[in-house]
Amino acid sequence: MAQHVAQPTATTPALPAKLPLSAVAPWAAFFGILMLVLLYFVGAEQGATSVVNGAGVHEWVHDARHLLGFPCH
Amino acid sequence: MNSATVRNLLVRGMLAGLGAGLLALVVAYFLGEPGVDSAIGFEEAHAPAHEHEVELVSRSLQSTAGLATGVLVYGIAFGGIAALAFCFALGRVGRFSPRATALLLSGAALLAVYVVPFLKYPANPPSVGDPDTIGKRTSLYFLMMVLSVLLAIAATILGKRLAPRLGTWYATVVALAVFALVIGLAYAFLPVINEVPTDFPATLLWRFRLSALAIQATLWGGLGLILGELAERLLNPKPAAAPTGAVPAAN
Chain A
6 MAQHVAQPTA TTPALPAKLP LSAVAPWAAF FGILMLVLLY FVGAEQGATS VVNGAGVHEW
66 VHDARHLLGF PCH
Chain B
351 MNSATVRNLL VRGMLAGLGA GLLALVVAYF LGEPGVDSAI GFEEAHAPAH EHEVELVSRS
411 LQSTAGLATG VLVYGIAFGG IAALAFCFAL GRVGRFSPRA TALLLSGAAL LAVYVVPFLK
471 YPANPPSVGD PDTIGKRTSL YFLMMVLSVL LAIAATILGK RLAPRLGTWY ATVVALAVFA
531 LVIGLAYAFL PVINEVPTDF PATLLWRFRL SALAIQATLW GGLGLILGEL AERLLNPKPA
591 AAPTGAVPAA N
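Line by line, the protein sequences give chains A and B.
So in my numbering, the last one in the first sequence is 78, and the numbering has no gaps at all.
So in my numbering, the last one in the second sequence is 601, and the numbering has no gaps at all.
Some hints could be false.
[As the list claims (entries may be wrong)] Quick partial rundown of chain B residues pointing at chain A, CB under 10 Å, derived from the structure:
id, residue
1, LEU372
2, TYR491
3, GLN566
4, LEU569
5, GLY571
6, LEU575
[To be verified] Every beta carbon over 12 Å from chain A, so not counted as near; a handful from chain B, in silico:
id, residue
7, TYR379
8, GLY382
9, GLY429
10, PHE438
11, GLY444
12, ALA521
13, GLY534
14, ASP549
15, LEU585
In short, the hints are calculated from the structure, not lab data.
Virtual Cβ for every residue (Gly too), placed ideally from N, Cα, C.
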């Protein structure tokens, strides 16, 4: 980590400014859920649970599901 | 202003996820697919009655376009999530630059999201796994993943709380030990799943699981490096060539 003993202020990395939680929270709530929905379709749809009928989604991402470590069938 | 920064970081995270996904796709195609094909070969040799007569999606599509869809969407989704986590972590986990924060975060995510659940419920090639237990296996896998991620967050907060009293080193050691202890208990008490057919080749299973690990290491390593680079350029545009006396005073 920061071994900037010799140099004074100019090159010492300051603690990066925090992003206020109130600015992050709305993005995290909306996009966090959206990303989880994407992961659900890649990882679990038409396996244990189905939103879309048939097996098209499952068959299409079949190899990815095995190789990404999700239980497949 | 700050909301715009979060939006920028989110877009960069998803782009970083796409880039890392492309790298992981190369690994998946060249290291992973041979194992999938051999395992399907085993499945067909050992299934007397052909259940998979109707091929919805051909093998050649599954192993190329299908694989790409899955890996890239996975990369983009985790890229977005990593960017949001990065927004929370920046300046809160310690005195790390944006670049170092991103790599630290993605390393922790590789462990918490993938390696810890994998050690209990590892990736399985086709023909390993009883279709009748898919519900149970899916819930246990996601339970393990959620548990591991929440525990990693809790351990980070615990470490931060202990740091003023114990110092950074011992606080980190204690937090990691608590994480390992609770995960160990979860490993011990959650049910064991072993559905490997008796004559399934052990070397094939080993190589498949190693390639699954390699895919994740590539994905998260790439994500950490690319997101770190993009975030550094956004947040520290010029690496302080001229000290303009800009002390980040706000917080």
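Quick rundown of the hints versus the structure:
1. LEU372: Cβ of LEU372 (chain B) sits 13 Å from chain A, so the hint is violated.
2. TYR491: With a closest approach of 5 Å, the TYR491 (chain B) hint holds.
3. GLN566: At 7 Å from the nearest chain A Cβ, GLN566 (chain B) passes the 10 Å test, so the hint holds.
4. LEU569: 9 Å, holds
5. GLY571: 16 Å, violated
6. LEU575: 18 Å, violated
7. TYR379: Check fails; 9 Å does not lie beyond 12 Å.
8. GLY382: 4 Å, violated
9. GLY429: 8 Å, violated
10. PHE438: Per Cβ check, PHE438 (chain B) is inside 12 Å of chain A; nearest 6 Å; violated.
11. GLY444: Not fine: 8 Å to the nearest Cβ puts GLY444 (chain B) too close to chain A.
12. ALA521: 14 Å, holds
13. GLY534: 20 Å, holds
14. ASP549: 20 Å, holds
15. LEU585: Per Cβ check, LEU585 (chain B) is inside 12 Å of chain A; nearest 7 Å; violated.
The structure is inconsistent with the numbered hints 1, 5, 6, 7, 8, 9, 10, 11, 15, although it conforms to all the rest.
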